[in-house]
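Q: One-letter residues, chain by chain:
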Amino acid sequence: MRNYVLKKITGKTFFWLACLLAIFFFIFPFLWVVMMSLKNPEAAQAVPPKLIFTPTFENYKQVFNAGDFLNAFKNSFIVVLLTLAANLIVALPAAYIIARWRQKWLSFAILFTQMAPWIIFLLPWYIIFKRLGLYDTYIGLVLSNLTYLIPFTVWLLLGFFEDVPKEIEEAAWLDGCSHTGTFIRMVIPLVKGGIITVCTLGFMFAWNIFLFPLVLSGYRSKTLPVIVYNFQNDNSLDFGPLSAAAVLITLPVIVFILINQKYFSRGIALGGRK
Amino acid sequence: MKKRVLLRVGFPALVLVLFVFTFFSQAAEFNWRKYEGTTIRVLASKSAFTPMSQAFYREFEQKTGIKVIDEHYGSAPLRRKITMELAAKNKDLDVFGGMMKTNLEYYRAGWLFPLDGFLKNPALTNPNYDYNDIFPKVRSIVDGKTIGITTGMNPQVLMYRKDLFEKYKVKVPTNWKELEEAAKKLTLDTDGDGKIDVYGWVARMNEENSAPFSNFLWSNGAAWLDKKNKPVFNSPQAIEALKFYGHLLKAYGPPGASTLGWQEVASAMAQGKAAMTVEISIFADMILEDPKQSKVTGKMGYTYFPPAKPQFKTMLLPTNCTHISAFSEKKEAAWLFVQFMTDKERTLAFQLKMFPTSRKSAWLDPKFKEMDKYPELSKIQYEGVQKGIVDFELTIPAFDEARPYLSRMIYTAYEGGDVKKAADETVKRVEEIMKKTP
Amino acid sequence: MSDVHIHRAGNKGAYKEDSTLINRVSEAFDRNIRFLFPLPALIIALALFLYPLIELFYLSLTRWSLVTQEPRTFIGLGNFIQAFTRDEHFWKSVWLMLYFALGALAGQFILGFALALLLNREFRGESVVRMLMLFPIIATPVAMSMVWVIMLNPMMGVMNYLLSVLGLPPSEWAAGSKAVMPTLIMVDVWHWTPFMMLVLLAGLKNLPKDPYEAAMIDGASRLQVFFKITLPLMQPYIVLVVILRLIHNLKVFDEIFVISRGGPMRASETLNLMIYHQAFTAMNYGYACALGLFLLLVILAISLAVFRYRERSWSY
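From first to last, the protein sequence lines are chains A, B and C.
Numbering (our numbering) for the first sequence: 1 to 274.
Numbering (our numbering) for the second sequence: 1001 to 1438.
Numbering (our numbering) for the third sequence: 2001 to 2316.
By construction, these hints were calculated from the structure, which means they are not laboratory data.
The reader is advised that the hints may include incorrect statements.
[Claimed, not checked] Heads up, simulated EDC-like pairs for lysine to aspartate or glutamate below, C-alpha to C-alpha not over 20 Å straight-line: (1) B:1295 with A:42; (2) A:262 with C:2126; (3) B:1292 with A:42; (4) A:8 with C:2122; (5) C:2178 with B:1415; (6) B:1067 with A:68; (7) B:1435 with C:2070; (8) B:1162 with B:1376; (9) B:1167 with B:1191; (10) B:1299 with B:1289; (11) A:166 with C:2030; (12) B:1292 with A:58; (13) A:130 with C:2055; (14) B:1436 with C:2087; (15) B:1435 with C:2087; (16) B:1250 with B:1345; (17) B:1169 with B:1180; (18) B:1436 with C:2070; (19) C:2092 with B:1425; (20) A:12 with C:2126; (21) B:1089 with A:68; (22) A:74 with B:1070; (23) A:7 with C:2122; (24) B:1369 with B:1345; (25) B:1089 with C:2070; (26) B:1046 with A:68; (27) A:130 with B:1092; (28) B:1299 with A:42; (29) B:1435 with C:2055; (30) B:1428 with C:2088; (31) A:130 with B:1061; (32) B:1344 with B:1061; (33) B:1421 with C:2088; (34) B:1089 with C:2055.
[To be verified] Counterexamples of contact, computed for chain A against chain B with all Cβ distances above 12 Å: (35) 15; (36) 18; (37) 25; (38) 31; (39) 78; (40) 165.
If you're wondering where the values come from, they're calculated on a predicted model, not measured in any experiment.
Ideal placement from N, C-alpha and C gives every residue a C-beta, glycine not left out.
Construct the entire structure; sequences and hints are all you get.
A: Now the structure itself:
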């Protein structure tokens, strides 16, 4: 009996030890950057690193004083929200049709776009966007975001649509409901969970995307990742402002995902389902 | 009678003189508002001077009625953005900043608008602009064409710990032999624990090593290319320079040299862990003399990089330039902008912030002399600018492509490999690259 | 009064007529939603994907350097011949790409599976533990890569300090030509292991209970249970997530670009980075397109495999 209790206790300690170790591994860079962002340049450069120091908000002040930070914040939010809305309007019907009618070639095409290497498209895109007047506009950025978000959304929602029993739709059709009406009034509410999941993950993707806005945005629509990348300085050893900027860009997305944790975890799990 | 003659001749003469005078003074009144209402777009590198530049942009807008849209990026993304926009022949890019190294590539591609016509046109160039005030050595001229306006430079100088040199009675080196002696004597174990606390020498050995190495190359009378643009950095003098560069760091530098970039070198100096290096002079004000970042403020000395033989004494001058795009549709307005930003007044303002500018007048200005924080450094920079070398790197359009190979060759010298063989191979490689992009 | 009446009547008539028109249109729409619903998605795909793809295909057959002013010339398969036979870095870049993708995959899978097994139980603070582990996937990659750059700095960074605390010799990390690939793999493992963990954990939680009960009655050891029951049951989850991660790992760009830029001395220049450098540093655009097409075909082949696999599982 005693042996059993002992075993259970050591088992528990082992479990928590392993957990803490894993958490430390994953969290360490975050702890580090938060600390760096609160240090003055002298403390930040110290070797071995100082763990106890007087925090300063000077770095954060510098970030906000850099001028374009708040504007980029606004741009990022607008682009993300527009992206999510446009994504649902375009991708929901497409996913529904593919799930219902199993258009194999279409789902393959969509899967493939999700896997294509993007760098090679940058220059053609730049030229097209320029020609269409979409360069440095919110619409242009939203469109560029859609290229990876639509395939992802379709891929993820397929399962949700497949889970909607066909009988419900057939009953609605018999009642004289149109296909479109049935889709909007009956089917969409049933995949609400999927929609929230898509939006949660979509928020993360669109908030974090860097390569597209770097090439396709100019002074008007510059988003946060581009601004943050700019804090890499060419002739200074002061990493404080960069760290503060990194904290500020990461905070909103982490808070947002924390709120929607359930959907986020499910979304990730579904991304690799079946 | 005499009086009348005087009146008859004198009066018209006076009128004429007055007329001529007013005419010329009107001409001298340069019209800045000719392109009022236009908007130009500027891409520039982000640095400590950005806020100051931006304040000047607003002043320019007030003065000319031309709106300036400016974007600032770090050097790597800036270059990518400019390249992409120019490759797409973007008409909305008017002015951009760059370094002399990248000029050539853009110029050969036909992306830079030559400014000679504008400079000669009194309607477009303010008579006060005084282009000749810019040091002839550093002007951005390729094939006889002015492809940009040089705003400033980053001379490479020997930075050394004055206090240590005095304490250990070491002579500030004036040639290679003395350089090695100093490095040897100043590799110190100050607390006697058997570990080295101060390294005698530190210099870049990562991908960026070709810039500081160039000091060794030129100061031994060697060169990257000969007069016919043939790569010759496998000459005996060049091999000697390679070996010395590698040896110095190997024998008197910190371990793990392949990781040494400008940040590591600057940090080693700032933390007092190294006694000497050769680096760009801007680090003095930006890092080494900034008490927030450095432990060695006030202890630094600056001088020429010591040459192997006195006749090879020189200074390497990386330069920053401003260009007008060949695809811009508002070249005149863009020129007004470039002119405004590089005129005497603006240049002096940057000089007063310790940025080494390209105008003689700024260096000689009494205001600068009065506030100059590092007169010793200023003196050699001012001299160096007049006789230094601007094209000190391997000056080929595809420099970026060749760079990793040069870097590896220099590293071979550090590792103690077969330097001659590495140099021969690299020359061959560079020749191939040059064949592709004439 | 009557005025209003007439007006109303007229209005009604118009509405009726309208409604039939609308009806007819909407009926036509309804009959064809099969084609109309995916249309916007298709248009976007065509404009932003197919058109550049065609251009890519054409350009890959030309010599087009952005630096020289010579016009682009059609050279057939010249670029591919150059890549396959003469460019010594090409095969190295392919190898580096595979090395990175497989190395990171192995790390992610082993760690991710171990964590999933560890967390596959009910305990207090479950959601907090899981949330904390998710941070790496959520955080903005560019920002975190920049943080890694600071931490990995061999002289000033905290990573070498951590090693010294553990009594280990310092590493050159991303700055050393030998250490750079393992370092990049480590960062990618850090970044994506939580993803692997979540997917596999979801799979574990969905497994049927009966086989385990049967095994317990039989008195099977833990290892036996794992290899005989868990692994085979998890197979479909594992195969899919492994392929998805593999494709993603082949495409990784941002992290490598920010942390090592393909260096030092091209030691981490994977095919992706090589394409980028050829296009925007060396500016051999035609050549870059040929390399891009090659990468596209590799990924196409893998996608095809995924698709076939998914198709099969669809029929269950």
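Q: Starting from the hint list further up, note which numbers the structure goes against and sort them upward.
A: 16, 21, 29 and 31
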